[in-house]
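Q: Sequence:
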Amino acid sequence: AYLQITYVEPFFDTYELKERITYFDKNYNLRTFMYCTPFTLDGRAHGDLHEQYKRKTILTTSHAFPYIKTRINVIHKEEIILMPMEVAIEDMQKKTQELAFATHQDPADPKMLQMVLQGCVGTTVNQ
Numbered sequence: 001a002y003l004q005i006t007y008v009e010p011f012f013d014t015y016e017l018k019e020r021i022t023y024f025d026k027n028y029n030l031r032t033f034m035y036c037t038p039f040t041l042d043g044r045a046h047g048d049l050h051e052q053y054k055r056k057t058i059l060t061t062s063h064a065f066p067y068i069k070t071r072i073n074v075i076h077k078e079e080i081i082l083m084p085m086e087v088a089i090e091d092m093q094k095k096t097q098e099l100a101f102a103t104h105q106d107p108a109d110p111k112m113l114q115m116v117l118q119g120c121v122g123t124t125v126n127q
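Here the sequence shown is numbered in the UniProt record's numbering, starting from 1 and rising by one per residue.
What the hints contain is simulated information worked out from the structure, not anything from laboratory work.
The reader is advised that the hints may include incorrect statements.
What the hints assert, rightly or not - Straight-line C-alpha distance at most 30 Å; calculated DSSO-like pairs for lysine-lysine:
id: 1; residue 1: K26; residue 2: K95
id: 2; residue 1: K95; residue 2: K69
id: 3; residue 1: K56; residue 2: K95
id: 4; residue 1: K69; residue 2: K18
id: 5; residue 1: K111; residue 2: K95
id: 6; residue 1: K77; residue 2: K111
id: 7; residue 1: K56; residue 2: K18
id: 8; residue 1: K94; residue 2: K77
id: 9; residue 1: K54; residue 2: K95
id: 10; residue 1: K26; residue 2: K56
id: 11; residue 1: K18; residue 2: K54
id: 12; residue 1: K94; residue 2: K54
id: 13; residue 1: K94; residue 2: K26
id: 14; residue 1: K26; residue 2: K69
id: 15; residue 1: K94; residue 2: K111
id: 16; residue 1: K111; residue 2: K26
id: 17; residue 1: K94; residue 2: K18
id: 18; residue 1: K56; residue 2: K94
id: 19; residue 1: K77; residue 2: K95
id: 20; residue 1: K26; residue 2: K54
id: 21; residue 1: K77; residue 2: K18
id: 22; residue 1: K18; residue 2: K95
id: 23; residue 1: K56; residue 2: K69
id: 24; residue 1: K111; residue 2: K69
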């Protein structure tokens with residue numbers, strides 16, 4: 001057995017996201033989390049854009065976070081493999097959201113906008 005430590009994000013199905021409107025709803029009573037791992041078919045983690053695949057791993061825990069304990073057993077694991085075109089589309093959508101957020105801040109933050117724009121111009125920057 002081995003231990004893998006990684007950063008996870010809360011994962012919501014489309015129907016669940018419609019019900020979780022507030023900040024509280026999106027950050028409490030969480031049982032499903034996701035992390036992504038880039039890979040190529042030849043075993044490297046990163047490659048050219050046309051070779052870059054992504055593995056999304058969705059984990060379901062036995063209890064909801066926040067919980068009394070900081071570690072909870074994973075009871076279900078699901079993997080979704082994204083093809084290079086799907087990876088590119090997802091990255092474009094993410095960059096579009098970041099750009100929209102940076103341009104609609106009040107007051108405007110020029111440093112944040114510059115970072116987002118630089119990440120949009122360089123396709124493999126900040127992935």
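Q: Does each hint fit the structure? Answer for all of them.
A: Here is what the structure says about each hint:
1. K26 / K95: Given pair K26, K95 holds - Cα atoms ~21 Å apart, limit 30 Å.
2. K95 / K69: Distance ~35 Å between K95 and K69 Cα, so the pair is violated.
3. K56 / K95: Holds. K56 to K95 sits at ~18 Å (cutoff 30 Å).
4. K69 / K18: Holds, at about 29 Å.
5. K111 / K95: This hinted pair holds, its Cα atoms lying about 16 Å apart.
6. K77 / K111: Given that 30 Å is the threshold and the Cα spacing comes to 39 Å, the pair is violated.
7. K56 / K18: holds (21 Å)
8. K94 / K77: Given pair K94, K77 holds - Cα atoms ~24 Å apart, limit 30 Å.
9. K54 / K95: It holds: about 17 Å lies between the C-alpha atoms, which stays within 30 Å.
10. K26 / K56: holds (20 Å)
11. K18 / K54: Status holds; Cα separation ~26 Å.
12. K94 / K54: Given that 30 Å is the threshold and the Cα spacing comes to 14 Å, the pair holds.
13. K94 / K26: holds (18 Å)
14. K26 / K69: The given pair, whose Cα atoms are some 20 Å apart, holds under the 30 Å limit.
15. K94 / K111: Status holds; Cα separation ~19 Å.
16. K111 / K26: holds (28 Å)
17. K94 / K18: Between K94 and K18 the Cα gap is close to 19 Å, so the pair holds against 30 Å.
18. K56 / K94: holds (15 Å)
19. K77 / K95: Given pair K77, K95 holds - Cα atoms ~28 Å apart, limit 30 Å.
20. K26 / K54: holds (24 Å)
21. K77 / K18: This hinted pair holds, its Cα atoms lying about 23 Å apart.
22. K18 / K95: Roughly 22 Å between the alpha carbons, so the hint for K18 and K95 holds.
23. K56 / K69: holds (26 Å)
24. K111 / K69: violated (39 Å)
When the structure is compared with the earlier hints, violations turn up for hints 2, 6, 24 and for no others.
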